[in-house]
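Use these hints to put chain B onto chain A, whose structure you have.
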Amino acid sequence: MIELFGVTQHYGVRPVLREITLTIAAGGVTAIVGPNGMGKTTLLGVMAGVLSPQQGEVRINGLRRRGPVDEELAIRRQVAYLPDQPWLPKNRTGREFLFGVGKLYDIDDARLLDHAERLLRLFQLDREGDWPIRSFSHGQKKKIALSAALITDCPLLLLDEPFGGGLDPAGILALKEVLKRLAKMPGRTIVMTAPDPSLIEELAEHVLVLRAGRIAAFDTPDGLRKLAGDGGALTDVIGRLTFPEARDAVERYFERGPS
Amino acid sequence: MKLARRLVRWFRVVSPPAWAVVLALFVQLSFEALYRFTLGLNDDEVARTLGQASDATVVGLTFAYALFRGLAFHPALQADYLAWLALTPWRSPKPLPLGPVHVLAQDLVVLCLLEVLLLDAPFGFRPLLPAIFFFVLAGCWAVFVWSTGPRSAAYEVGYALGAALWVASFSYVGGGACLVVTWFLALHRFLQSFAMFPWETFRARRQRERERRSRPHKGQGLTSEHTTWGWAFDVLSPQQIEELPRVDRLMLSGLAGWSAFAVLSHSQPKVFEPATLVAMISLCAGAMYCVRQVFRHIWSHLPPIGLVGRLFTGRLLIPSYDVALLPVVYFFGTAGIARFLLDKNLAWSPQYVLPAALTVFLLLMNLACPDLERWRLTCQARLSAWSYAGTKSEFEQL
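Chains A and B are the protein sequences, given in the same order. For what it's worth, the working numbering labels the leading residue of the first sequence as 1, then goes sequentially. For what it's worth, the working numbering labels the leading residue of the second sequence as 260, then goes sequentially.
Hints may contain errors.
Unchecked claim - Below, in silico cross-link-like pairs of lysine to any residue (SDA-like), each with a Cα-Cα straight-line distance of 20 angstroms or less:
| # | chain 1 | residue 1 | chain 2 | residue 2 |
| --- | --- | --- | --- | --- |
| 1 | A | 90 | B | 338 |
| 2 | A | 103 | B | 342 |
| 3 | A | 103 | B | 273 |
| 4 | A | 141 | B | 344 |
| 5 | A | 90 | B | 595 |
| 6 | A | 103 | B | 306 |
If you're looking for bench data, these hints aren't it; they were derived computationally from the structure.
For reference, chain A alone in the conformation it holds in the complex (with noise of 0.2 angstroms):
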């Protein structure tokens, strides 16, 4: 469970959370959900204990980020969190990697081969598993780091844009099905940003959208269509919950013809 009490973050002068007050409960897919530069990445960033906030607190499984040592280490050990760009050892291969990330949340050595084995079959890298990471394209980087994230068998897992940085759709199609299968796991908790809600439709269980620093809406899906008092589909309710006057913007634009 991840709660945050009266989480206030800014950059210098500039605020880009305020007041954030909130609880996930444990277990399904939350998408934090909203246009860019509202704060959600910050928001994953505070979860994640990069950014320490001004003011307020977070709390994972109860125990104080950036607290006390032992509580924050607590916290390491059974949360993953994988930035938009990822830290990459250029001159490992991707098993190396996968090997190396294991160890540090110590999983069983058995264990780990046969994962890092699964997963490099999932996102189709068995062959370039054994390549050096510099030699990855774009694509296979975020599979590998995806990977990474993965094979940590982390309950609570913190996923900034994992659709973006250029996954295939074949990558796309696996990653959507390995998270709706984790989420169903007892104990298993996926919090993750997508500016795109249409990736997120049939994922998530909780959709947080935010608009200027502040909670818009917390709510399933349908809890969504309801509060928008409209029925269609995810991407127009949360356009319309961050940015209402969007169909006036529209009408205000063609007011004097579309030249």
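Relative to the frame of chain A, chain B by itself:
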């Protein structure tokens, strides 16, 4: 085939990039082939020179490999890796995912292979390779301990390495014994520094300072320093200048002199002239250090009147401003005195004069120069336009 693949995988853990290995082998084997070829031509002089070049290449390769092993896998040298590692539950002595930082069996195999390349070298020459490897490794570890662990431990190792080098100038066995003891001391201190992870590196301190300048409220963090948060508009205040503590400046000055003395104790004029080498390196490094120190002061604070103005007004010296130019005086002063003492008439030994001059110069630079913050606040100067209105000014950055 399987065995070969296993061997490659086993070596890959410590091996430098493939292109570097190929290049190194190409250079060394070229020298060796030329040497073998000239042996057949009965030209002893050329053959001897090529033989020495071949051996020197192997020594150079050992040095380069030790440097690679010392630097390539340490998280403190790679900011992204360090940041990523700090987010994982990694704690010493778990293995580091990028590669091992300690000595492995593979390193010993590499050393043996390098020994094999020294085909015709005299037997007494052979212990030089492991000595170089472990010396360089201990040196790298000392640098990392300095930046991540207790600095006093790094000085212990640094001075002990100098002692090992000095002892080796009159007893190879004694020097070797000193090196073994120093290496284990370095290893112990190195492991201690890993136990202190996450470290307070310079980058981490700068990050915290940035955070401190943008914090509106007090909070609690991993270390007690996190409780000294300021408020949002602290970001508008001038940045604090981070200076090394005086004790560190003192120790580093002494270490530079001590190292120079240890190198100079191996004077073998027929092979190479260390005095000239040390003098040249000291002069170049000293000049650069001098320019940096002067520039740090005067780039933003220009003299109140120019040179012509000084001549016309008779104010040749403006003491509160001109103290910033003291490094230039120190540089030419110490270099001049050293040159005078090394003159043929006095004939002082360069082994003592050069290290002493280096130490005195560094001590003067570090302990007898104006404090930058104090000088900026009190000197008679004109603020240069680019210091407050240029693209690099803090106001622009905001």
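Each hint tested on the structure:
1. A/90 <-> B/338: holds (14 angstroms)
2. A/103 <-> B/342: holds (18 angstroms)
3. A/103 <-> B/273: holds (18 angstroms)
4. A/141 <-> B/344: holds (18 angstroms)
5. A/90 <-> B/595: violated (50 angstroms)
6. A/103 <-> B/306: Violated, at about 52 angstroms.
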